[in-house]
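What follows is each chain in one-letter form.
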Amino acid sequence: MVERRPLLDLVSHLILILGVIVVAFPLYLTFVASTQASSDIVHPPMSLLPGTQLVENYQAAWSGTGGGTGSTAPVGRMMFVSLVTALVIALGKISISLLSAFAIVYFRFPFRMFFFWAIFITLMLPVEVRIGPTYKVVADLGMLNTFAGLTVPLIASATATFLFRQFFLTVPDELVEAARMDGASPMRFFIDVLVPLSRTSIAALFVIQFIYGWNQYLWPLLITTSEDMYPVVIGIKRMISGGDAQTEWSVVMATALLAMIPPALVVVLMQKWFVKGLVDTEK
Amino acid sequence: MEKRVVFRSAWLPWALIAPQIAVIAVFFFWPAAQALLQSVQQADAFSTRVEWVGLENFVNLWNDPLYIKSFYTTAIFSTLVAVLGISLSLLLAVFADRIVKGALVYRTFLIWPYAVAPAVAGVLWLFMLAPSIGIVSFWLRAVGLEWNPLLDGQHAMTLVVLAAVWKQISYNFLFFLAGLQSIPKSLIEAAAIDGARPWRRFWTIVFPLLTPTSFFLLVINIVYAFFDTFAIIDAATQGGPGKETSILVYRAYYDGFKAMDFGASAAQSVVLMVIVVGLTVVQFRFVEKKVNY
Chain A
1 MVERRPLLDL VSHLILILGV IVVAFPLYLT FVASTQASSD IVHPPMSLLP
51 GTQLVENYQA AWSGTGGGTG STAPVGRMMF VSLVTALVIA LGKISISLLS
101 AFAIVYFRFP FRMFFFWAIF ITLMLPVEVR IGPTYKVVAD LGMLNTFAGL
151 TVPLIASATA TFLFRQFFLT VPDELVEAAR MDGASPMRFF IDVLVPLSRT
201 SIAALFVIQF IYGWNQYLWP LLITTSEDMY PVVIGIKRMI SGGDAQTEWS
251 VVMATALLAM IPPALVVVLM QKWFVKGLVD TEK
Chain B
1001 MEKRVVFRSA WLPWALIAPQ IAVIAVFFFW PAAQALLQSV QQADAFSTRV
1051 EWVGLENFVN LWNDPLYIKS FYTTAIFSTL VAVLGISLSL LLAVFADRIV
1101 KGALVYRTFL IWPYAVAPAV AGVLWLFMLA PSIGIVSFWL RAVGLEWNPL
1151 LDGQHAMTLV VLAAVWKQIS YNFLFFLAGL QSIPKSLIEA AAIDGARPWR
1201 RFWTIVFPLL TPTSFFLLVI NIVYAFFDTF AIIDAATQGG PGKETSILVY
1251 RAYYDGFKAM DFGASAAQSV VLMVIVVGLT VVQFRFVEKK VNY
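Chain order of the listed sequences is A and B.
Using our numbering, the first residue of the first sequence is number 1, and each one after it goes up by one.
Using our numbering, the first residue of the second sequence is number 1001, and each one after it goes up by one.
Certain hints may be false.
[Unchecked claim] Covered by chain A, according to a simulated footprint, are these stretches of chain B (three or more residues, beta-carbon under 8 Å):
id, segment
1, 1013-1024
2, 1058-1069
3, 1079-1087
4, 1120-1127
5, 1152-1159
[Said to hold, decoys possible] If you want the ones that stay clear, here's a sample from chain B, every Cβ over 10 Å from chain A, calculated:
id, residue
6, Leu1055
7, Ile1076
8, Thr1204
9, Gly1240
FYI, nobody ran anything at the bench for these hints, they're computed from the structure.
All C-beta atoms in this analysis are idealised placements derived from N, C-alpha and C, irrespective of residue type, glycine included.
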């Protein structure tokens, strides 16, 4: 605080409160809608106070017994698919990036820099620019509608590899010398020294990549055609495909809220690492 | 920068790097090469016959008024998303930076949308702005504005821009806040002692020192608007009404998977690749500058 300016402080709080209200309103409305009967929602204006249908709506969503003309796949199963996908993507990205960064930093071998740049270039090939052919590869490998198809094509990570490379380069050489003098093998050094030292970066990346995995849309949209392999984000979209009058909005909103909870929990509970992860991965 | 001390092994590094290389070879480079190849070929609907057509797919794109229009749509959309998103979050970050008490509470509320999936964000805003049931549409109608994003292209564009900006505010806000907190307090104090008021201090000291952050966010927001908003558009408007909100990525998806025109879709993929490469180059040149800064 440079100087006291009570009026400006007041203005600051007012603007921030206004910002929070605007940002939070859609979320609040989702919650309110998920507690009302669909018949009340379709007659505008809907009430802005919570209704009485909370338990019924969430039960209908969870077990897939809501009406409506869109898809009625059970959300319980979809949440499970999303959870497995997000965890496999996050942990997979972290593991294969740790290994490749270890190889690139701590070994000298032919084509080392070639591999490094090959990984780098994948930054420029997001799934959106190669959707058709990637779909074909996955189809040819028989990976449509499987967890492998949902996760493996997404677990390469240039950003994670870079982050770990940068971090390994700051690890003092004395540690390697000490480890070698004690007769530790490279893998022992990796597991007992390097991985524990990288804890913070791993936590930060986990938050970012979990959200990335959970929120995937285009890729699962292409490769999942059977309801029992839909991640929850796709499920919501399929529920509203019937047009807005026939849609069971209260159930859709209950599903949307359920779909938000796991990533939101990760962000809020791991806020410190989340901010660090965000700022570090973009450097 | 290189390590002085390294391990020696003939096979271990290969084994360590193999998983990553296998994934990028099979799911990145092979498909990208296929896209390049298909963009100069024309296949019939059942892929039984493939013909070499040279640059014809690109020429067709160039001559397609709808494709050129989706360039304009993308340009308008990404400019709106970047400018609105950046200025709103800068405003919030500047005031959040002033506040001592309760800053963490505001931050916790403002970062929430980052966790929301883009497709879900699209559905939420559609729910608020849908013509018959949306509560915001109802309010708009109450003040005399006939709101219908299902019929009016500009309304549909407003809808997807709002959803995209809302989703991205958290990200921009965090970066601006980090940027603001790294500005030395002594600079601001010196200016205050010289009699500069907050408004003037912001424009002559804070804002210029934030230029690297702002420029970085500009690139990131454009990339976001180009590629990551696909889910918002597919959930909220499906590129409609007509083709009014059909951005380049949406169109590439539509031609490849709905219209089954693989040659055209592949050519569009190649155009998109060129755009990504351009944006990445801009971003990295800038990152170098930031390091020297």
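Comparing the hints with the structure gives:
Only residues whose C-beta sits within less than 8 Å of a C-beta in chain A count toward coverage, and the segment 1013-1024 of chain B has 9 of them, enough to reach three; the restraint holds. Counting residues of the segment 1058-1069 of chain B whose beta carbon lies closer than 8 Å to any beta carbon of chain A gives 0, which falls short of the minimum of three for the stated coverage. Only residues whose C-beta sits within less than 8 Å of a C-beta in chain A count toward coverage, and the segment 1079-1087 of chain B has 0 of them, not enough to reach three; the restraint is violated. A stretch counts as covered by a chain when three or more of its residues have a beta carbon under 8 Å from one of that chain; for the segment 1120-1127 of chain B and chain A the count is 7, and the coverage holds.
Only residues whose C-beta sits within less than 8 Å of a C-beta in chain A count toward coverage, and the segment 1152-1159 of chain B has 0 of them, not enough to reach three; the restraint is violated. With a least beta-carbon separation of about 19 Å from chain A, B:Leu1055 lies farther than 10 Å from that chain, consistent with its non-interface assignment. The claim that B:Ile1076 is not at the interface with chain A holds, since no C-beta of that chain comes within 10 Å of its own (minimum 19 Å). No Cβ of chain A comes within 10 Å of the Cβ of B:Thr1204; the nearest lies about 14 Å off, and the non-interface call holds.
Its beta-carbon lying about 13 Å from the closest one in chain A, B:Gly1240 satisfies the requirement of being farther than 10 Å from that chain.
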